[in-house]
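So you can see what is in the structure, the chains are spelled out below.
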Amino acid sequence: MASMASSVRSWLDERFHLEDLKALAQKKTVPLHRYSYWYFLGGMTLFLFGVQVITGVLLLLYYRPGADEAFESVQLIMTQVQFGWLIRSIHSWSANLLVFMAFAHLFSVLFLKSYRKPRELTWVSGVFLLFLMLGFGFSGYLLPWNTLSYFATKVGTEIPAQIPIVGRPILLFLRGGEEITGSTLTRMFGLHIAILPAIATFLIVLHLGMIQWFGMSVPPGIEADWGATPNRRREIRFFPNFVLRELMAWYVALGLLGALAALFPWTLGVKADLFAPAPAGIKPEWYFLFMFQTLKLIPAKILGLDGEVLGIIAFGLVGAIALLLPFLDRGNSSSSRRWVAGMACLFLGYMVAMTVYGWVAK
Amino acid sequence: MTGSLTPRAQRILRTGIVVKVLVASFLSCGQFAAAQAKNSCLDYHSSLPEPLGVSADVFSQNIHAQKGLTCAACHGGDASSDDPEKAMSRAAGWKGKIERSQIPELCASCHADAELMKKYNPRLRVDQFQQYKTSVHGQRWAEGESKVAVCTDCHGVHELRAPSDPRSKVHPANIATTCSHCHAGAEYMKPYGIKTDQFANYQESVHHEAMVVRGDLSAPTCTTCHGNHGATPPGVANVTNVCSNCHVFQAQLFDASPHRAVFAAGGFPGCVTCHSNHGIKHPTDEMIGMGEKAFCVQCHTEGDEGAKKAVAMHDRLASLAAAIAASDDLLDHAERQGMEVSQAKLQQAQARDALLKARVAVHSFRDVDLKRDTDAGLAIARQTRAAGEQAMAEWKFRRVGLGISVLAIAVAVIGLGLYIRNIEAS
Amino acid sequence: MHSASSATAAATERQGLARRRFVNLLLGTGLLASAASFLYPILRYLVPPKLPDLGSDAVLAAKVSEMKPNTAKTFRFGSRPGLLVETAPGEYHAMSATCTHLGCTVQYRSDLHEIWCACHNGMYDLNGRNVSGPPPRPLEVFDVQVRGEDIFVRRRQEA
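Chains as they are written, first to last, in our numbering: chain F, 1 to 362; chain V, 1 to 426; chain B, 1 to 159.
One thing to keep in mind: the hints can contain errors.
Stated by the list, open to error - Straight-line alpha carbon distances no greater than 20 Å define the calculated DMTMM-like cross-link-like pairs of lysine to aspartate or glutamate that follow:
| # | chain 1 | residue 1 | chain 2 | residue 2 |
| --- | --- | --- | --- | --- |
| 1 | F | K27 | V | D332 |
| 2 | F | K271 | F | E285 |
| 3 | F | K271 | V | E340 |
| 4 | F | K154 | F | E285 |
| 5 | V | K309 | V | E394 |
| 6 | V | K190 | V | E204 |
| 7 | B | K50 | F | D20 |
| 8 | B | K50 | F | E246 |
| 9 | V | K97 | V | D165 |
| 10 | V | K345 | F | E235 |
| 11 | F | K283 | F | E246 |
| 12 | V | K97 | V | E145 |
| 13 | V | K38 | V | E99 |
| 14 | F | K271 | V | E335 |
| 15 | F | K271 | F | E120 |
| 16 | V | K371 | V | E292 |
| 17 | F | K22 | F | E285 |
| 18 | V | K281 | V | E340 |
| 19 | B | K50 | V | D255 |
| 20 | F | K28 | V | D367 |
| 21 | B | K73 | B | D125 |
| 22 | V | K97 | V | D113 |
| 23 | B | K50 | V | D332 |
| 24 | V | K147 | V | E99 |
| 25 | V | K281 | V | E335 |
| 26 | V | K345 | V | D367 |
| 27 | F | K271 | V | D332 |
| 28 | V | K357 | V | E340 |
| 29 | V | K345 | V | E389 |
| 30 | V | K371 | V | E424 |
Worth flagging that the hints you see were computed from the coordinates, not collected in a lab. Keep in mind it's a predicted model, so treat the numbers as computed, not measured.
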């Protein structure tokens with residue numbers, strides 16, 4: 001058995017120079033310091049994305065897009081297909097965990113200042129990936145075609161419509177028409193399983209490639225310390241030490257997903273009725289709540305300008321700042337560092353507060 | 001006739017006759033052409049205020065007007081003349097305002113004439129006046145009473161529409177309201193000594209609900225049980241016959257039951273004894289048995305043969321209803337937990353059918369008949385309950401499966417941790 | 001003295017080896033068991049469910065062999081019962097079996113050649129039309145299509 005494995009290995013090595021690759025991989029290290037645990041978040045996000053891809057492909061075997069079949073096909077999956085309830089519930093729960101993890105990863109990278117030179121583009125690709133995850137969440141939410149998805153998509157697409165000039169074309173593009181209909185479903189389905197995955201794959205490969213190229217970033221304070229006293233520098237090997245630890249974390253995440261799916265299965269809801277009035281208290285999924293709630297609270301007019309439009313523009317600005325952060329903060333002085341950390345803290349606090357408020361508000 | 005005249009005069013006369021005939025037939029065609037006939041009465045009276053005014057709009061919807069009749073058809077006179085002297089001349093047969101007492105015979109002058117009615121609507125009956133004379137209204141009218149209903153009281157006069165028109169006062173959905181105009185008035189009905197709560201009671205009944213809420217026009221209204229033209233209460237002995245027109249099974253079972261002879265002997269009004277006549281509410285299982293809402297208590301005493309059977313029958317119905325409800329709850333719960341129970345839910349419909357049949361079988365007042373239906377229903381409810389329990393067992397199995405996989409994961413995680421420690425120790 | 005410490009060293013090494021083996025066994029078992037608990041549901045998931053999925057508008061009501069002339073079969077159409085009647089060999093009628101009066105399940109009367117509701121004596125003809133008794137509306141009539149041995153019942157499509 002072992003000799004067969006080694007002969008296969010030498011056969012591959014002759015052609016692909018596996019031993020060289022192996023030597024390269026052995027060299028990869030991960031810095032060890034008091035913030036090292038945060039390094040797990042990126043891999044966790046990737047893992048959850050992988051779970052989504054696998055469960056998504058499985059769901060694709062039974063799901064039928066189309067206003068008159070979507071709900072029924074999800075019903076089939078939940079009730080008739082063996083373990084369909086498990087696959088579907090894992091997909092829904094993992095989606096939420098993925099978005100949460102993506103935000104956590106972003107904020108940890110922000111606070112640990114890993115976006116500094118030379119890793120600016122890694123950060124940019126990461127922020128785009130976050131936007132993509134939100135897009136995945138938004139497009140996927142409509143696919144079960146129940147009352148909740150229908151109205152959440154309705155209010156969700158009404159928000160960008162407020163943007164002056166480009167707002168209406170955006171609305172028509174997202175909805176595939178004036179109203180939410182079967183055309184919207186088709187469009188969201190195409191976005192969810194083809195367009196967004198294609199862009200995401202490209203960006204992930206880019207993101208991971210750049211991480212390999214530049215190696216792991218070390219927070220400025222610790223970097224300075226190690227610069228002064230090099231013998232304090234601690235590292236662990238990526239293969240197998242860090243990978244094994246990540247595997248543990250991924251296993252725990254898998255167990256958590258299974259527990260959530262079995263104890264709190266995702267409900268089917270009621271099939272969407274295009275002519276029914278909106279039920280009271282409709283709100284989008286939690287990761288859009290802070291924006292939704294902000295827009296609800298903004299006064300109608302601020303200094304003579306439309307309040308909602310200003311709100312959306314403000315969010316756009318925040319998104320742009322997030323995207324261009326490495327270029328705005330070169331991370332050279334400690335005062336700029338504290339400034340960025342402070343603003344990020346404030347914004348994080350604001351997001352959490354608004355999300356909670358949006359959740360409990362009627 | 002033309003013999004004594006010159007040939008030229010004869011020609012003129014003949015031409016004149018031909019012209020007159022042509023004109024007359026043209027004019028008489030107008031009689032059959034709806035609303036084309038000149039109606040000078042309406043032209044003038046439509047601009048008058050009450051009580052002499054008649055709205056042209058309203059009259060145009062009158063079924064008689066639509067068939068081409070004018071005011072003169074009932075009031076007499078000459079509707080083609082604009083000259084009031086000519087239009088309202090006694091010589092032309094003008095009657096003026098018709099007295100109430102004259103109305104039935106006036107209407108009957110056309111509506112009891114089979115030959116005439118055939119020309120307008122061959123399907124219409126021509127015995128309404130005949131029937132009216134047998135009714136309580138008709139009998140009192142014949143005695144000279146003016147307060148009782150005559151044709152126009154129910155059908156309307158100038159706004160009179162066909163009964164199939166939803167706005168007609170005698171459209172099935174409106175009949176009860178029309179009758180209530182007199183019969184619900186306590187002051188009006190005082191001299192006759194009959195109750196005035198029928199309409200109020202009827203409005204609480206299932207029949208009213210079927211008619212008005214569910215829009216089932218075949219549901220009974222006043223005239224269904226009392227008749228329309230020959231309106232008379234059916235009488236105590238004939239109640240079951242009237243109800244049996246729709247409630248066939250219950251009546252058949254009742255007729256074969258021991259209660260039939262007993263009720264007849266005691267002068268009890270058949271179905272009405274337990275179900276009431278006007279305010280017929282949805283029957284409940286509590287109506288049978290010896291409980292406080294039951295009717296059996298009124299005749300039977302605790303412990304007698306009938307009482308024992310009543311209690312047995314009530315208990316059977318109650319146990320079946322409870323079994324169905326329990327299965328429903330379990331199946332709903334399972335469904336909410338995400339389990340597939342649609343087949344069992346479909347079977348529940350059969351159990352509910354059995355309960356419905358059992359509630360009909362009650363009317364035989366024989367426990368053995370009831371037992372057949374309730375046993376069938378209980379068997380089905382048992383099956384659906386088993387299906388629900390199976391669904392919940394599957395649900396539990398999922399949790400067990402989860403427990404197993406979590407255990408496997410825990411072992412893997414611990415194994416990994418120890419392995420890491422091992423390789424890093426060396 | 002020397003042999004005693006080497007003996008303890010050897011013992012420690014044997015202990016270490018045993019511990020390593022135990023950990024490897026634990027890890028292997030854990031990985032295998034957890035992999036099995038992931039793979040088992042996925043493999044079961046890939047096997048399609050038994051019921052033929054014809055959408056919500058069509059249903060396999062019966063086989064030709066199980067129907068006889070002047071008999072009927074109650075079948076499931078979505079979440080409600082349906083009635084399939086064979087009047088003459090090869091001639092079928094299908095309709096909803098829910099009485100339009102109060103929702104009882106109707107049945108075919110082979111003596112009367114009509115559809116009958118046992119609850120309140122409602123009668124329908126073979127085209128679903130309510131002909132006597134309390135039912136206010138006809139039964140919804142379905143299309144029947146015979147393909148080989150299978151009798152399919154489908155909701156009527158609007159032209």
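Hint check against the structure, violated hint numbers in rising order: 1, 5, 6, 7, 8, 9, 10, 11, 13, 15, 16, 17, 18, 19, 20, 22, 23, 25, 26, 28 and 30
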